[in-house]
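The whole structure should be built from the sequences, with the hints applied where relevant.
Everything in the sequence shown is counted per UniProt numbering, starting at 1 for the first residue and increasing by one.
The set of hints was computed from the structure by calculation and includes no laboratory data. Glycine included, C-beta positions come from ideal geometry on N, C-alpha and C. Some hints could be false.
[Stated by the list, open to error] Simulated pairs of lysine-lysine, DSS-like, Cα-Cα distance not exceeding 30 Å: (1) 233 / 278; (2) 278 / 248; (3) 20 / 278; (4) 248 / 149; (5) 225 / 20; (6) 149 / 137; (7) 290 / 225; (8) 290 / 149; (9) 278 / 23; (10) 290 / 137; (11) 248 / 290; (12) 228 / 248; (13) 279 / 290.
[To be verified] Derived DEER-like restraints, expressed as beta-carbon distance ranges: (14) 147 / 221: 45 to 55 Å; (15) 128 / 202: 39 to 49 Å; (16) 205 / 253: 30 to 40 Å; (17) 217 / 60: 22 to 32 Å; (18) 219 / 159: 13 to 23 Å; (19) 25 / 205: 38 to 48 Å; (20) 205 / 60: 35 to 45 Å; (21) 65 / 252: 24 to 34 Å; (22) 283 / 234: 46 to 56 Å; (23) 99 / 208: 24 to 34 Å; (24) 78 / 286: 41 to 51 Å; (25) 254 / 55: 37 to 47 Å; (26) 219 / 272: 20 to 30 Å; (27) 83 / 241: 20 to 30 Å.
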Amino acid sequence: MLSSTAVSPAKLTTQDLKLKGFKIYAVDQPCTTKPHFSRRDYYKVILMTTKARLHYGHQSWELDGTYLLFLNPHIPYSMEMLADLRHGYICLFTEEFITSIDRSESLQQSPLFKIGSAPLFQLREDQVPFMSCIFQKMLAEQEADYPFKDELIRTYLQLAIHEVLHLQPAEAFLQYKNAAARLTAQFLELLEQQFPVESPEQTLPLKTAQEFADRLAVHVNHLNKAVKEVTGKPTSVHITSRITDEAKALLQHTTWSVAEIAYCLGFAYSTYFNNFFKKQTGMTPLACRKS
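Here it is as structure tokens:
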């Protein structure tokens with residue numbers, strides 16, 4: 001139900017309509033330089049007709065045709081262009097944008113973005129028009145004045161993701177090339193299994209790199225080295241980031257007290273949680289809730 005204080009379309013400003021955590025580009029130009037995707041904190045869905053070589057984690061593929069690519073910011077990747085032309089769309093978005101309506105599972109657990117899943121799907125000629133239409137609609141809505149365009153774009157993006165799940169992947173799963181990739185996937189899955197936190201009485205069983213290493217039966221230095229090698233980030237950064245994301249969700253989507261949230265996220269005292277949250281976000285838990 002819309003609030004009676006909602007802004008009417010006639011009074012909307014550019015700021016009111018500004019999309020947060022989403023951007024789509026159309027690409028239709030010669031390959032004068034190799035693409036540089038500098039925003040490594042964004043997930044990407046790319047619809048591209050080109051000839052290129054994709055390096056993703058420890059795997060590489062030769063692309064020749066029209067593909068959908070699903071790139072996870074936690075996995076290092078690069079693309080070498082092997083043709084003079086490229087055509088398509090590049091869609092960037094944060095996890096918060098796609099999951100803002102409900103506290104659904106992390107994108108890292110999605111069949112398309114999960115570490116261990118194949119990141120590319122080749123489209124048949126008859127599949128390209130429909131998928132192109134979805135991206136064209138997102139591009140059009142991005143520039144439109146519709147007050148709920150973020151919800152509409154989110155729906156189009158989710159439609160593209162679900163449509164792809166019906167397609168035949170280039171490979172069902174990536175084959176881990178080494179033990180580091182396998183261990184990193186196990187760590188990230190174990191991390192995600194702890195979320196979402198469903199009640200104030202629930203507490204996180206694993207909160208430190210040492211606890212994760214013990215559960216995985218490896219030395220903590222070995223775990224840290226593997227995770228840094230595969231993702232470019234230390235184990236502690238992944239843990240801290242995920243706890244921070246959950247803290248934001250609990251502050252915004254529950255009526256639990258700060259003390260209850262601090263307890264279920266593993267902080268012995270609210271002051272410890274307040275200091276942690278402010279260091280990670282630049283604001284206090286109460287300020288986050290009010291915003």
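Cross-check of the supplied hints:
Note on residue 233 and residue 278: the hinted pairing holds, with a Cα-Cα distance of about 21 Å set against a maximum of 30 Å. In summary, the hint linking residue 278 to residue 248 is supported, as the alpha carbons are separated by about 11 Å, within the 30 Å threshold. Restraint check: the Cα-Cα separation between residue 20 and residue 278 comes to about 21 Å, which is no more than 30 Å; the hinted pair holds. Between residue 248 and residue 149 the alpha-carbon distance is near 24 Å, which keeps this suggested pair within the 30 Å criterion.
Distance restraint check for residue 225 and residue 20: the Cα-Cα separation of roughly 34 Å exceeds the 30 Å cut-off, and the hinted pair is therefore not satisfied. Under the criterion of a C-alpha separation no larger than 30 Å, the hint pairing residue 149 with residue 137 is consistent with the structure, at around 11 Å. The suggested pairing of residue 290 with residue 225 is violated, with an alpha-carbon distance near 39 Å, which exceeds 30 Å. Restraint check for residue 290 and residue 149: the C-alpha separation of about 24 Å stays at or below 30 Å, so the hint holds.
Proximity of residue 278 to residue 23 is assessed by CA-CA distance (about 28 Å); at most 30 Å being required, the pair is judged to hold. For a cut-off of 30 Å, the pair hint linking residue 290 to residue 137 is broken: about 34 Å separates their Cα positions. Between residue 248 and residue 290 the alpha-carbon distance is near 11 Å, which keeps this suggested pair within the 30 Å criterion. Proximity of residue 228 to residue 248 is assessed by CA-CA distance (about 25 Å); at most 30 Å being required, the pair is judged to hold.
Taken as a hint, the residue 279 and residue 290 pair is honoured in the structure, with Cα atoms around 18 Å apart against an allowance of 30 Å. About 52 Å separates the C-beta atoms of residue 147 and residue 221, a value consistent with the hinted range of 45 to 55 Å. Distance hint check for residue 128 and residue 202: the Cβ-Cβ separation is about 46 Å, which falls inside the suggested range of 39 to 49 Å. For residue 205 and residue 253, the hinted distance range of 30 to 40 Å is not satisfied, since their beta carbons lie about 22 Å from each other.
For the pair residue 217 and residue 60, the beta carbons lie near 31 Å from each other, so the given range of 22 to 32 Å is met. In this structure, residue 219 and residue 159 break the distance hint of 13 to 23 Å, their C-beta atoms being roughly 45 Å apart. The hint said 38 to 48 Å for the Cβ distance between residue 25 and residue 205, and at roughly 42 Å that hint holds. A hinted range of 35 to 45 Å holds for the C-beta pair residue 205 and residue 60, which are about 37 Å apart.
Against the hinted window of 24 to 34 Å, the Cβ-Cβ separation of residue 65 and residue 252 comes to about 42 Å, which falls outside the hint. Distance hint check for residue 283 and residue 234: the Cβ-Cβ separation is about 24 Å, which falls outside the suggested range of 46 to 56 Å. Checked against the given bound of 24 to 34 Å, the beta carbons of residue 99 and residue 208, roughly 26 Å apart, stay inside it. The given range of 41 to 51 Å is respected by residue 78 and residue 286, whose C-beta atoms sit roughly 42 Å from each other.
For the pair residue 254 and residue 55, the supplied restraint of 37 to 47 Å holds, since their beta-carbon distance comes to about 41 Å. The beta-carbon spacing between residue 219 and residue 272, approximately 27 Å, falls within the hinted interval of 20 to 30 Å. Judged by the Cβ atoms, the range 20 to 30 Å given for residue 83 and residue 241 is violated: they are separated by roughly 37 Å.
Violated hints, listed in ascending order, are 5, 7, 10, 16, 18, 21, 22, 27; each of the other numbered hints is respected by the structure.
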